[in-house]
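Since chain X is already given, all that's left is putting chains P, R and V on it; use the hints.
Residue numbers (full-length UniProt numbering), protein chains in the order written: chain X, 1 to 180; chain P, 1 to 180; chain R, 1 to 180; chain V, 1 to 180.
Just to be clear, a hint being listed does not mean it is correct.
Same chains, same names: a pair is fine if it fits in one copy or spans any two.
[To be verified] Calculated pairs, DSS-like style, for lysine-lysine (alpha carbon to alpha carbon, straight line, at most 27 Å):
(1) Lys61 <-> Lys88
(2) Lys162 <-> Lys180
(3) Lys66 <-> Lys88
(4) Lys61 <-> Lys46
(5) Lys180 <-> Lys88
Everything labelled a hint here was simulated from the structure, so no lab data went into it.
Predicted, not measured: the structure shown is a model, and the values here were computed from it.
4 protein chains.
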Amino acid sequence: MNNTKTALIIIDMINDFQFNHGNMLAEQAQVVAANILKLKQFLTTKGVPTIYVNDHYRLWKADLDKIISYCTNETSRSILEQIQPTEKDYFLIKPKHSIFYGTALNMLLAELEIETLILCGIAGNICVLFSANDAYMREYNLIIPSDCIASNVAEDNEFALKMMRNVLKANTLPHKEYMK
Amino acid sequence: MNNTKTALIIIDMINDFQFNHGNMLAEQAQVVAANILKLKQFLTTKGVPTIYVNDHYRLWKADLDKIISYCTNETSRSILEQIQPTEKDYFLIKPKHSIFYGTALNMLLAELEIETLILCGIAGNICVLFSANDAYMREYNLIIPSDCIASNVAEDNEFALKMMRNVLKANTLPHKEYMK
Amino acid sequence: MNNTKTALIIIDMINDFQFNHGNMLAEQAQVVAANILKLKQFLTTKGVPTIYVNDHYRLWKADLDKIISYCTNETSRSILEQIQPTEKDYFLIKPKHSIFYGTALNMLLAELEIETLILCGIAGNICVLFSANDAYMREYNLIIPSDCIASNVAEDNEFALKMMRNVLKANTLPHKEYMK
Amino acid sequence: MNNTKTALIIIDMINDFQFNHGNMLAEQAQVVAANILKLKQFLTTKGVPTIYVNDHYRLWKADLDKIISYCTNETSRSILEQIQPTEKDYFLIKPKHSIFYGTALNMLLAELEIETLILCGIAGNICVLFSANDAYMREYNLIIPSDCIASNVAEDNEFALKMMRNVLKANTLPHKEYMK
Numbered sequence: 001m002n003n004t005k006t007a008l009i010i011i012d013m014i015n016d017f018q019f020n021h022g023n024m025l026a027e028q029a030q031v032v033a034a035n036i037l038k039l040k041q042f043l044t045t046k047g048v049p050t051i052y053v054n055d056h057y058r059l060w061k062a063d064l065d066k067i068i069s070y071c072t073n074e075t076s077r078s079i080l081e082q083i084q085p086t087e088k089d090y091f092l093i094k095p096k097h098s099i100f101y102g103t104a105l106n107m108l109l110a111e112l113e114i115e116t117l118i119l120c121g122i123a124g125n126i127c128v129l130f131s132a133n134d135a136y137m138r139e140y141n142l143i144i145p146s147d148c149i150a151s152n153v154a155e156d157n158e159f160a161l162k163m164m165r166n167v168l169k170a171n172t173l174p175h176k177e178y179m180k
Numbered sequence: 001m002n003n004t005k006t007a008l009i010i011i012d013m014i015n016d017f018q019f020n021h022g023n024m025l026a027e028q029a030q031v032v033a034a035n036i037l038k039l040k041q042f043l044t045t046k047g048v049p050t051i052y053v054n055d056h057y058r059l060w061k062a063d064l065d066k067i068i069s070y071c072t073n074e075t076s077r078s079i080l081e082q083i084q085p086t087e088k089d090y091f092l093i094k095p096k097h098s099i100f101y102g103t104a105l106n107m108l109l110a111e112l113e114i115e116t117l118i119l120c121g122i123a124g125n126i127c128v129l130f131s132a133n134d135a136y137m138r139e140y141n142l143i144i145p146s147d148c149i150a151s152n153v154a155e156d157n158e159f160a161l162k163m164m165r166n167v168l169k170a171n172t173l174p175h176k177e178y179m180k
Numbered sequence: 001m002n003n004t005k006t007a008l009i010i011i012d013m014i015n016d017f018q019f020n021h022g023n024m025l026a027e028q029a030q031v032v033a034a035n036i037l038k039l040k041q042f043l044t045t046k047g048v049p050t051i052y053v054n055d056h057y058r059l060w061k062a063d064l065d066k067i068i069s070y071c072t073n074e075t076s077r078s079i080l081e082q083i084q085p086t087e088k089d090y091f092l093i094k095p096k097h098s099i100f101y102g103t104a105l106n107m108l109l110a111e112l113e114i115e116t117l118i119l120c121g122i123a124g125n126i127c128v129l130f131s132a133n134d135a136y137m138r139e140y141n142l143i144i145p146s147d148c149i150a151s152n153v154a155e156d157n158e159f160a161l162k163m164m165r166n167v168l169k170a171n172t173l174p175h176k177e178y179m180k
Numbered sequence: 001m002n003n004t005k006t007a008l009i010i011i012d013m014i015n016d017f018q019f020n021h022g023n024m025l026a027e028q029a030q031v032v033a034a035n036i037l038k039l040k041q042f043l044t045t046k047g048v049p050t051i052y053v054n055d056h057y058r059l060w061k062a063d064l065d066k067i068i069s070y071c072t073n074e075t076s077r078s079i080l081e082q083i084q085p086t087e088k089d090y091f092l093i094k095p096k097h098s099i100f101y102g103t104a105l106n107m108l109l110a111e112l113e114i115e116t117l118i119l120c121g122i123a124g125n126i127c128v129l130f131s132a133n134d135a136y137m138r139e140y141n142l143i144i145p146s147d148c149i150a151s152n153v154a155e156d157n158e159f160a161l162k163m164m165r166n167v168l169k170a171n172t173l174p175h176k177e178y179m180k
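Just chain X, with the same shape it has in the complex (with noise of 0.2 Å):
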């Protein structure tokens, strides 16, 4: 991996899970939050740029307070207080799926000169997923650490995952793997 060249971008990780089977989704959340916290600092130490990418909540406003300020409830709070960004950290919005679509992703990475996407956040069966396709669309490579996504079902996130390595030829290892 090389680091010069390479973003870590957490997907919808700033949450509500206010939607169906969000308790569900939450919970596995928490694990991938840890994960995607330590691999986060050890990439800070390389110089890995982080980018948030994540939904807006019709808010329509990158202002990460109010986003949290609106996502923070019994469910998603202990999520948040972990995974935040931090001032040197990148964050935009997105108002559909994917982390380029009616973005500045694709503008930020060429100014970052990033050729290596590593993806994180939720669902990987979703936001992950179609995130994934459209990086690929525009030729960067992908890292997707296997426990550093989630999706509402075991089976849906394994499908994911196989997909994403088969198809879009995406480097799935656990996120350990990555801290070398």
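Relative to the frame of chain X, chains P, R and V by itself:
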């Protein structure tokens, strides 16, 4: 189904099947081609336009004759003979997985005032699935007849159908249900 | 003008004017800011939403306070005090000339069911002109009040207005004509 | 000029000139066509690819023969005979003003590893100007030979050239300067 606002989209059926498991996909594509053809003939009588969106086979030209000639071989011949576009159909090339990425499809659909897309073609778990998400992000209603798409592996096809039904709100009955 | 389908777009008025001829543009921007403000206040009473789309000053964040703080200086202060967004306004960043390129504007406009854009701001012959063409290609009707845009050089502003009128079919009367 | 990273783009020269002042533009297009042809022949010997990006005349097909047939008339014939694409050239259709909007151009340029675009064609103050801005926003270097574009009105052509030079950093010498 409001016929006046619906378009039939046929994805990558002009295909050379020269890839891993291409023979397996070709076998299923035979069945699918017959179903698509029946659906297309019915919809044509109702005034529904048909739009082919197809891989360009690195010719970078929407020159139908060249693409058919390039794709024709023992495996593909009988499929191509069945399914190829008529003079009245639209024919667009796509350079990547999605029917929207790097194509004029969205503008053509706006000009035709289309709100509902019927997606057919191959591979169900790749180009159809990712195109369906791009259509969903652009607010189109989706119909994806379950017996008009195919994937290398049956299980992958089933999974893609489930995803499109649950996540992208697609209607996925067999094609005969849309011939009423 | 159908108010329920119209949005007011304010382009790059949160500005530091730190560029060639910035002082010249700032002088005109004073006048323009006063006109935009009057128009905005009128349109707000009619239920027309206001959307700021603004350069991000390489902060890559739609954090209004940070951008205002970054932009505030002797030249800009009185303009910024007049024209800054209220809590009710939308605020998007754009990384390049066009208000559509790398932004969620098109999706926001779809959600608000907007068909007509009133474009105001600076520079008339750069970001306003190129944004107007992107709006035209997306089939929006255009109103560009002649006294609500400014360019470094008066001649360039006139030319841009003429182009937008002739090529992009924009309506370009003075702002008072749209306060009826 | 680094020939290996340069592409020649010919905009809307396959034209029926059936619009307001079409005859005026056709007259100038004669001269421009001759210049473009000389430049194209020179650049071809240097290995520079030529990409036509052309209005689709509502045929929604990149079928060169049909478009030429549609466009051929008394006014256009001698221009079309001079300037039409050879087998080796790329030919893309565009549905709107910009060569990038709703086209695969950006992907084709990425595949060819192009960094510099030489833009030629008509109309200089419309499709060429707006395409140039879209190229600039995508970080391409621009060469726009001053005698290889034309607009209905000479003054508008001059203005577009000035804008492209000053705002989009285009190099705008006469075509002979790029034949060295």
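Quiz item: Failing hints, ascending?
Solution: none
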